[in-house]
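Peer 1: Chain A is already provided as a structure; the job is to place chains B and C on it using the hints.
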Amino acid sequence: MKGVFVHHTATVEKHANIGKGTKIWHYAHVREFCDIGKNSVLGHCGFVDTWVKIGDNVKMGNKVSVFRGVTIEDDVLVGPHVTFTNDLYPRSGGEWKIIKTLVRKGASIGANSTIICGVTIGSHAMVGGGSVVTKDIPDHGMVYGNPAKLKGFVCLCGDYLEHVKRGRTAVEMRCHRCRKTFKIGIQDYKKLER
Amino acid sequence: MKGVFVHHTATVEKHANIGKGTKIWHYAHVREFCDIGKNSVLGHCGFVDTWVKIGDNVKMGNKVSVFRGVTIEDDVLVGPHVTFTNDLYPRSGGEWKIIKTLVRKGASIGANSTIICGVTIGSHAMVGGGSVVTKDIPDHGMVYGNPAKLKGFVCLCGDYLEHVKRGRTAVEMRCHRCRKTFKIGIQDYKKLER
Amino acid sequence: MKGVFVHHTATVEKHANIGKGTKIWHYAHVREFCDIGKNSVLGHCGFVDTWVKIGDNVKMGNKVSVFRGVTIEDDVLVGPHVTFTNDLYPRSGGEWKIIKTLVRKGASIGANSTIICGVTIGSHAMVGGGSVVTKDIPDHGMVYGNPAKLKGFVCLCGDYLEHVKRGRTAVEMRCHRCRKTFKIGIQDYKKLER
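Sequences listed follow chains A, B and C, in order.
Residue numbers for the first sequence follow our numbering, so the first one is 1 and each next one is one higher.
Residue numbers for the second sequence follow our numbering, so the first one is 1001 and each next one is one higher.
Residue numbers for the third sequence follow our numbering, so the first one is 2001 and each next one is one higher.
No lab work stands behind these hints: they were computed from the structure.
Among these hints, one or two may not hold up.
[What the hints assert, rightly or not] These stretches of chain B come out as covered by chain A in the derived footprint (C-beta under 8 Å, 3 or more residues):
#1 1055 to 1061
#2 1075 to 1082
#3 1108 to 1114
#4 1157 to 1168
[Claimed, not checked] Heads up, incomplete: computed chain B residues facing chain C, CB under 7 Å, no partners named:
#5 PHE1047
#6 THR1050
#7 ARG1091
#8 LEU1102
#9 ASN1146
[Stated by the list, open to error] Residues of chain B placed beyond 10 Å of chain A at every Cβ, according to the derived structure:
#10 ILE1098
#11 LYS1100
#12 ASP1136
#13 GLU1193
Glycine residues also receive a C-beta, built at the ideal position from the N, C-alpha and C atoms.
Pulled out of the complex, with its shape left as it was, chain A reads as follows:
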C-alpha cells in the first residue's frame, strides 16, 4: 500500500484496502477486506473489522472499535474510546445476525459514545461525549445522554443553530458562531426532545 503509514507496532492484515495518506497508529488492528479511504487516521489501539467501509478524511481517535456492518462516510470524526456494535441480541453461542449502522458525511461522534447497531447518524450530526445512541439522528442533529436525545441542531462548524423562522416545510436556522443558515425539515425539527 503506497503512501499509507502503518506504525511498526500496528497490525494490518493482507487484503485490507487503505487509501493514500491514511495513518494507522500504535497497536491498532485493521482486518482483511475492509476499506479505509484516503487521508484518514486510526488512533492508538483502534480496531477496524472485516468488510467495514470507511471514507476519506475520517479521523478515528484512540481505542475506537468499528465492527463489521458499519459504514462511515467521508469527513466523519469518531472520538476516542467510541465503540460500535453489530448484534442486537448478543449471546456467547448460537445464531448471530449482523445489523448495519451508517454514519453519514461530516458527522461527529463524541468520546466514549456507544452506538447501538441499526441506526443512521445523519450528515453533520453531532453526538455528545459519553452518549448511548439508540435511534436515528437527523442531519445536523445534536444529541447527547443515555439514551441520547435530540437536543438541537448544529452547523458544519459544530456550534449551535438558532431558530430564525418557521416555514411550512422547514425551519430556517442560523449558526450562533459563523452565521451560516440551514433549513431543517419540519419533521426533523419536531423530533426535538426538551
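Peer 2: Only chains B and C this time, still in chain A's reference frame:
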C-alpha cells in the same frame, strides 16, 4: 499450554491457566494465576487480571478489562470496551479492599458497559450497551441505562419474554421469538422498573 | 530516564519527561513533551498526549487516554477506560481550539468515565464509574451519572461525609468511616442535586 492460541503480539504471563481451544488476540494481556476455561476468546487489547476466574465458551470483545475479584461463569458474552471494577472507594494511595463481582452462566454484557463491583449478574441476564450496573440483576433480567434499571426479562436467545400468566410464586413468560417458556420468580418480577 | 520502568511493549517518545519510580505498562503510548511525575503508573494500553502535565503518585488504570490540555495534580486516581477530551466542537477538518481541563490533588475518577473538557475536578473529589462530567466539581464533591450530578461529599478515604452542623459560611461534615471532619463551603454545599 497446548491447544491455546496466543497471538504473537499478546502478553500471557507464566502461571496463567488457559484451557484448550481458547484464543488470546492482539495486544491482549493475561496475568499470572488467572484461570480461563476452554474455547473462550479474549479480543484485541483485552486484559485479564491475576486470580480472575473465567469459564468455558466465554466471548470477551475488544478492549475488555476484567480485574481481580471478578468471576465469570461459562457461556458468558462480554461486549467490547466493557470494564469491570473491584474497588468502591478508589484512591491513589492508602488501604484497598477488593470487592467481588459474579457473572452467572449464559449472561451477556453489552458494549462499553461499566460494572460497579459487588454485584451479581444473573444467569442468562442481558445488560444493554453503555449501561452502568450498580446492583444485582436477576436471572434472565434485561437491564439498561445509567444507572441500569430492570426493564424486562429475556430468553436464552436474547429476545424479550412476554407475560403469559401470573401464578402465586412465579410469572410464566414466553419468548417473543422462539416461544420457549420460563418461570420468573415473583420477587424478581416485582423488581421491574417502568 | 533513570529509575523509570517502561515495559518492552510500550512506546515512550523521546523528550517525554517521566519521574523516578514511575511505571509505563504494556502497549501504552507516552508522547513527547509531556511531564509525568514520580511514582506514577500508566496501565495497559494507556495514552498520554503531548504537553500533558501529570503529578506524582498518580495511578492511571488500563486504557486511559489523557489528551493535550489536561493537567492532573498529585495523588490522583484515574480509573480504567477513562477518557478525557480537549475539543468542544469536534469535526474531522477545520479549525481546532484546545480547551483545558484540570484535575486537582487527590481526586479520583471512576472507571469508564468521560470528562468533557473545560472542567475542574476539585481536590479529593470522586467521580462514580461510568459518569459523564460536564461541569466543575467542588473539592471533596461526589458526583455520578450522565450528566454527572453532585450527590454528596467524600472524605480523603473516599467514604461519605455526613452533615454535622451548618455554620454561616460552611457546613461541618464528618466521615462516616474514619470520623475526620471537614468544612464544606456553603456555596459548594448548595450545589447538591437531589
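Peer 1: So, for every hint listed, does it hold in this structure?
Peer 2: Do the hints match the structure? See the list:
no., hint, verdict
1, 1055 to 1061, "holds (count 4)"
2, 1075 to 1082, "holds (count 6)"
3, 1108 to 1114, "holds (count 4)"
4, 1157 to 1168, "holds (count 3)"
5, PHE1047, "5 Å, holds"
6, THR1050, "13 Å, violated"
7, ARG1091, "5 Å, holds"
8, LEU1102, "17 Å, violated"
9, ASN1146, "5 Å, holds"
10, ILE1098, "25 Å, holds"
11, LYS1100, "22 Å, holds"
12, ASP1136, "20 Å, holds"
13, GLU1193, "15 Å, holds"
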